[in-house]
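When you get a sec, could you build the whole thing from the sequences and use the hints?
From first to last, the protein sequence lines are chains V and X. Take the first sequence: its letter number 190 is residue 190 in this note's numbering, and every next letter is one higher. Take the second sequence: its letter number 145 is residue 145 in this note's numbering, and every next letter is one higher.
Possibly wrong hints are sitting among the right ones.
[To be verified] Computed from the model, here is a short list of chain V residues facing chain X with C-beta under 10 Å:
1) A109
2) K140
3) H144
4) C162
5) P164
[Said to hold, decoys possible] Far from chain X, by Cβ distances over 12 Å, these chain V residues were calculated:
6) S54
7) I68
8) T76
9) R82
10) F88
11) T91
12) T105
13) D117
14) G142
15) V149
16) L170
If you are wondering where the hints come from, they were derived from the structure by calculation, not from laboratory data. Here the structure is a predicted model, which is why all the values come from computation and not from measurement. Where a beta carbon is used, it is the ideal one built from N, C-alpha and C, also for glycine.
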Amino acid sequence: MSRESTTPPEGYDVGRENMFDFKVDDQLLEVVETDAKNFILTTVDEVFNWAKLSSIWPVTFGLACCAIEMMAASATRYDIDRFGAGAFRATPRQADLMIVSGTVTAKMAKRLKLIYDQMPEPKWVIAMGSCAIGGGPYFKYGYHVVKGVDFLVPVDVYLPGCPPRPEVLLEGLMRLQDKIRGRKGKSKAPKWITDYAKKIPYRK
Amino acid sequence: MEPKAIFDLLTAHLGEGAAEYRENDIESWACVSVARIADACRFLRDTEGLEFGQLMCLSGIDWDGYDENGKGKSVAILGYEADGTPETSDRVADGELGVAYHLYSHTCDHKFTLRLRFPRDKATVPTVSDIWSTARWHEREAWDLMGIRFEGHPDPRRILLSEDWVGHPLRKDYQMPDQWLNVPLRGQPYANNPFAPADDAPAGDDTPAEG
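Below you can see the structure in the form of structure tokens.
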């Protein structure tokens, strides 16, 4: 990322407080503006978070019909690879994310916990679908269904639906990326970027 | 071959009194005594002209609350009240259990059905897994969900539920467990949830996870 790449388009005036949301003392400001053209100011955490959220590798783990939607999300039409989360790992030891896609039966509970425990830190969990959130249609008479996967493992993002469409999974993945980024809700792009995005024809 | 003709051959082999014929509009069947079921099945498979090479399905049945034709008083399904307390019933399940064998012959293209009936406390049946090997999983399922024990089965484990499960869930008198391995299985209102945070619990912060 070079300094030029963040330069606003021609004719668009921008205040410096929009470019940098931290205080810059005069000496550092002078260095940035005069000496170095390829200069990045960031924190180590921010870089690490960016790396983490850009390569969330899910574990290959599907339980029921939600897994079909998860597979559709990883196929070409929805293409979860756009978000760096398309590398479904066949072992939990290489995975960062567990998408609990489907009904968690009591028999599967032990296995699910084992898979989660085998995943290295940092790790995240998405509860996909009504069954994983709270038992779904098996809430009352399902003698064999765990009433919510959050009784077993900590859940980061809940995706309602029966089953949720692939777009919902992608949305949940983006919310998880927001969480990893350390921000709440939608990411805050600088105002000139959002204004500029409105001028792109296909966004209209 | 028609079911009645098949039954006549079967009775001639087993002897009088070992099997009864039940006429039915949809599907007629033969009610066989429990002790003779393996003998009857082997006869149906091996006799020329019958040649029942396939056991299409083996089903466990709980007749509690029903007459033989599947009609009669309804059985109360025990569930849970809106506040999470279990519904109770004074009725004690006393109906008979049963097993149904649905047979098919590929060579002769005919079907036949056998049924067993036996008391709840004597739910032990000779296995037919040495006659049709597909019965191995069917009998494990009937044992798992209905608690019907099959004498002589080579591998009499549960097939669907966990090995340490207690009870047989498709029996009419099954009581659903509150929890299993400290994981609640009973759907309850959130207010009754023992895992729910207290009302005065501090709200979670949005700081990123460590690591």
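Taking the hints in turn, this is what the structure says about them:
Look at A109(V): its Cβ gets to within about 6 Å of chain X, closer than 10 Å, so that hint holds up. Taking 10 Å as the C-beta contact cut-off toward chain X, the hint placing K140(V) at the interface holds, the least distance being around 5 Å. Interface restraint check for H144(V): the shortest CB-CB distance to chain X comes to about 7 Å, inside 10 Å, so the restraint holds. This hint is violated: C162(V) has a C-beta 16 Å from the nearest C-beta of chain X, more than the 10 Å allowed.
Evaluation of the P164(V) hint against chain X yields a violated restraint, the C-beta minimum of about 21 Å exceeding 10 Å. Chain X leaves S54(V) outside its interface by the beta-carbon criterion, the shortest separation being 15 Å against a cut-off of 12 Å. Every C-beta of chain X lies more than 12 Å from that of I68(V), the closest at about 22 Å, which supports listing it as non-interface. In this structure T76(V) is separated from chain X by more than 12 Å, as the shortest Cβ-Cβ distance comes to about 32 Å.
No Cβ of chain X comes within 12 Å of the Cβ of R82(V); the nearest lies about 23 Å off, and the non-interface call holds. Listed as outside the interface, F88(V) is consistent with that label: its C-beta sits roughly 21 Å from the nearest C-beta of chain X, beyond the 12 Å cut-off. For T91(V), the requirement that its beta carbon stay farther than 12 Å from each beta carbon of chain X is met, with the minimum near 19 Å. A Cβ of chain X approaches the Cβ of T105(V) within 12 Å, the least distance being about 9 Å, so the stated non-interface status is violated.
Once the 12 Å rule is applied to beta carbons, D117(V) is consistent with being away from chain X; the minimum gap is 15 Å. A Cβ of chain X approaches the Cβ of G142(V) within 12 Å, the least distance being about 7 Å, so the stated non-interface status is violated. Under the 12 Å C-beta cut-off, the non-interface status given to V149(V) relative to chain X is violated; the minimum distance is some 10 Å. Residue-level check passed: L170(V) sits 21 Å from the nearest beta carbon of chain X, beyond 12 Å.
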